[in-house]
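> Sequence:
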Amino acid sequence: MELSTVWFIIIAVLWTGYFVLEGFDFGVGMLLPVLGRGEDAETTEKRRRVLINTIGPVWDGNEVWVLTAGGATFAAFPHWYATMFSAFYLPLLLILVALIVRNLGFDYRGKRDDARWRARWDTAIIVGSAVPALLWGVALTNIVRGLPIDARKEFTGNLLTLLNPVSLLGGLVTLGLFLTHGALFVALKTSGPIRQDARGVATRTGAVTAVLAVALLVILGAMDGNAGSWVTTVVAAGSLVGALYANLRGREGWAFVGTFVTIAMAVTTYFLLLFPNVMPSTLDAAWSLTTTNASSTPYTLKIMTWVAAVFTPIVLLYQSWTYWIFRKRIGTEHIPAATGHGPTSQRPSESTPPVTATPVVR
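The letter at position 243 of the sequence shown is residue 243 when you use UniProt numbering, and the numbering goes up by one with no holes.
This list has only true hints and no planted wrong ones.
Derived CB-CB ranges, DEER-like:
id, residue 1, residue 2, range
1, I100, I303, 29 to 39 Å
2, L283, T305, 26 to 36 Å
3, L317, L90, 29 to 39 Å
4, A115, A75, 43 to 53 Å
5, G238, A115, 41 to 51 Å
6, L93, D60, 12 to 22 Å
7, S86, T5, 22 to 32 Å
8, L94, D114, 24 to 34 Å
9, V234, A115, 43 to 53 Å
10, L283, D40, 57 to 67 Å
11, G61, P148, 34 to 44 Å
Simulated from the structure, these hints should not be mistaken for lab results. Glycine included, each C-beta is placed from N, C-alpha and C at the ideal position.
All chains should be built: construct the whole structure from the sequences, respecting the hints.
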């Protein structure tokens, strides 16, 4: 196998890891106004702090995957990187701003014991989660469908070129998948009323998303499907149905595994539809960027492969350890009263009492 193909696969794995991990904390952020609503102001605040604490130890680590994916693309496929960032300049800028604002929300919402202050930062978290969830789907669907790229490997379209019906459908699918994924993560990580509410939200969002996802994957498959992409499409659809069934049976662990597999298979389908191209041209197939004409030199790819072989296992072990350490459930009973500097930000406070462990799969 050529090293350019190896690095195409590695980049596909990095994007898959990003979506299955960052996807659920995007979902949790978007669900703040839904699952974080209580019968009074105090209960509402406690519920929102529970939601934020479920992703507190891991959300920033999940973002490392997209940084690595971008860096790997720059080093392994510089022409792909240049054309992609030129084509998606405005969407990527909006995603970056949304991520910055969202991260500030996690860090600053608990700095004051003021309801209006927290409400503003909650809005930042909600919007900062929804914008990337939508725009990543729009961007990736556009890449698979193809873009107007000329003989100089330059994008010749505009913003309206990107906002076509199929790509907007792709954005709605990622938005819905992340909402469902996030709701199931909350159900797996919490106890009490929030857990039950999260299961109900997952059922509703999952049913709508299943219809949209099947429609999207069938449309893309009809355009340029192959045997591998149809297999992953069927697996993605089946695992989403299985996740919804497990959720109805109260098996949150298996339900979360189901949406995990669904997102992984959906991203895999995208890359199978794309290969051997990395950015197809709708103007002339000969102008498409491929794993061959967009890649770095063999020597560069060789050095990158050795570096990846050494450091990737270390990163995976560390992140796995983090998830294992913070595997326990949390409920409103574990949240102390607000103090203005308590655990209302992204990480649990030392004053939060220990919670009961639960298996990841039940």
